[in-house]
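Start from the sequences, fold in the hints, and give me the full structure.
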Amino acid sequence: MTTAAVPAPSARISPLAQVARLRAWLFLILLAATFEVWTRIANGASFVLSVYNLQAIAIFASAPLMLGLGQTFVIISAGIDLSLGFVMGLASVVAAHAANFGLARLGMGPAEAALFGIAVGVLATVPAGLVNGWLIAVLKVPPFIGTLGMYGVSRGAAYLLAAGMTVAVNDDWYGAIGNGRLGPFPVLVLLTAVACVALHYVLSQTRFGQHVYAMGASKAAASRAGIDVRRLTMKIYLLSAVMGGVAGALYTGRFSAGAPQAGEPLLLDSIAAVVIGGASLFGGSGTIWGTVAGAFVIAVIQYGLVLVDVEPFWQFIAVGGIIIVSVLVDQTQRRFLGGRVDE
Amino acid sequence: MSEPAPILSVRSVSKSFGAVRALDRASFDVLPGEVVALAGDNGAGKSTIIKAISGVISRDGGDILLDGKSVAFATPHEARDSGIETIYQDLSLADNLSIGANIFLGREPMRRAFGFLPVLDRRKMAEAARETMARLDFHVDRLDAPVAAFSGGQRQAVAIGRAIFWNARIVIMDEPTAALGVPEQRKVMSLIRSLKAEGKGVIFISHNLRDIFDVADRIVVFRRGENAGERRPAETTSDEIVRLMVGK
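Protein sequences, first through last, are from chains A and S.
Under our numbering, the residues of the first sequence are numbered 1 to 343, in order.
Under our numbering, the residues of the second sequence are numbered 1 to 248, in order.
Please note that the accuracy of each hint is not assured.
Simulated pairs of lysine to aspartate or glutamate, DMTMM-like, Cα-Cα distance not exceeding 25 Å [stated by the list, open to error]:
hint, chain 1, residue 1, chain 2, residue 2
1, S, LYS248, S, GLU226
2, S, LYS51, A, ASP309
3, S, LYS248, S, ASP24
4, A, LYS219, S, ASP121
5, S, LYS124, A, ASP228
6, S, LYS51, S, ASP41
Here are the computed distance ranges between Cβ atoms for each label pair [to be verified]:
hint, chain 1, residue 1, chain 2, residue 2, range
7, A, GLY44, S, ASP141, 32 to 42 Å
8, A, TRP314, S, VAL182, 56 to 66 Å
9, A, LEU139, S, GLY18, 18 to 28 Å
10, S, ASP141, A, GLN331, 25 to 35 Å
Think of the hints as simulated: they come from the structure by calculation, not from any bench.
Yeah, the Cβ is synthetic: ideal placement off N, Cα and C, and Gly gets one too.
Here it is in structure tokens:
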């Protein structure tokens, strides 16, 4: 019917690009191997073949990973959520107050009070997420600035609600959610695993996830294809805040206290996990499993260095170095492998 | 022999932006299987008339008829739903997604995994991509590769493929060859011919008179928002078109 002579495109994914794509898992294997050798020499014990170590690392990874899951969506959409750390803190404080209120005033049992605290704590993050989304989608505030504003607001709100301190919770059930185990698996880790699987599904198998990728590549293309980019942006920042809320509410269980600064050190870890996991800060790429690997890379460094008795401050240098290497790999990949190949 | 009824009829459309009269009673028709080239200097109103047709801007006066019925699209989506597809210079593709995902962007097909879980139907998208691109004589061996991996002309084919897949009746192309090298420009010209062969109406804007003479059935020249003349390529010369564009 036509004589157009467009040759078959030679769009193959080169082996090098595959390696670059899986770099977070390579880092992880490399790190685990390094610590394996190191602990065997230093402590005469295995690093990897220790249930205790694995549990500890998984718990270490769970909070930054919860934040990182929402942050993955945000970063793929070419945004960033800086408010996440203190949104988590706010949720932690509100959850503690709510659980106490449930126990003392509403006559709840410890199980009901724990669930009530978690629900209210998570709900408390909804306004933060909606305001973030509204600032960015409707008022066209750059994500960096809009969420930095919300960082301040939620930080202040969290400290005010906690009267500048931490809010203790005396609820065994709540404590069990934060510290308990089902068999060898810590509850916290199981909940995080469920969140990973659920959000992997959302990102890779639903229209919402597909639109997040499209928006990250080109807002104009998404919008011209009939996608309501404003609504999408609101949903993305809402999801991010809610994941912060879940992390905060679980923190309260783990430490039996709500703390405004619960997520302060975790914000940068969450971004680092996403970037180490192979997402580009320019948007358009990233996966949940990449972020999982990224979070474990950070947790292995943090835990491993403690185990071999290295000054803990080295962990910042190690994580920082891996972030820089990841970004360099991403840029190189864009330039030489993944970019447009015009003939 | 009488000509077939036009798919699209632009009748005396006017549009002002403040004191500037961007369009002054502009008119032209597009017949099925016809390529109409809009020619004119910068500011002649080519882009404005495209925007008025595709629902980006509203018109002040005049009428636009689609299949004989007056239409006024409030948004580009409405225009697209009625079968008017605009292919922009930057193509409007999501570079990180596959051809199929781009064709279906915003209206992705779903299937049920394990009988209950709704998931994207990637197989359906890939099949539609392969079939559609084959209609454009564009055979793809990697249906899951992101469109960023393809060349400019191939990406143009993807954008055109999307229009064909969704049964666009009018395809508007604004400077489709501007950013391409010469071999790729030729491919786009063949793509336009395949659209024509499929019975689509094509509105084609270009600065390149050689492209216009190569592919157009009719050349509509605008000058300062007004019709300055209409010629068939066989019955005119590029000198005459330029004279019409600049006004003798």
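**Item:** Restraint check for A:LYS219 with S:ASP121, where alpha carbons must lie at most 25 Å apart
**Value:** holds (23 Å)
**Hinted pair S:LYS248 and S:GLU226, Cα distance within 25 Å** = holds (15 Å)
**Asked** Are S:LYS124 and A:ASP228 close enough, with their CA atoms no more than 25 Å apart?
**Response** holds (24 Å)
**Prompt:** Falls inside 25 to 35 Å, the C-beta gap from S:ASP141 to A:GLN331?
**Reply:** Holds - the Cβ-Cβ distance for S:ASP141 and A:GLN331, about 28 Å, lies within 25 to 35 Å.
**Item:** CB-CB spacing for S:ASP141 and A:GLY44 relative to the 32 to 42 Å hint
**Value:** violated (54 Å)
**Item:** A:TRP314 versus S:VAL182 beta-carbon gap, inside 56 to 66 Å or not
**Value:** About 57 Å separates the Cβ atoms of A:TRP314 and S:VAL182, which means 56 to 66 Å holds.
**Prompt:** Holds or violated: S:LYS51 with S:ASP41, Cα cutoff 25 Å?
**Reply:** Given that 25 Å is the threshold and the Cα spacing comes to 17 Å, the pair holds.
**Message:** Given the hint of 18 to 28 Å, is the C-beta distance from A:LEU139 to S:GLY18 inside that range or not?
**Reply:** holds (27 Å)
**Asked** Taking 25 Å as the top limit, are the C-alpha atoms of S:LYS248 and S:ASP24 close enough?
**Response** holds (19 Å)
**Message:** For a C-alpha distance cap of 25 Å, please report whether S:LYS51 and A:ASP309 respect it.
**Reply:** violated (67 Å)
When held up to the earlier numbered hints, the structure conflicts with 2 and 7 and fits the remainder.
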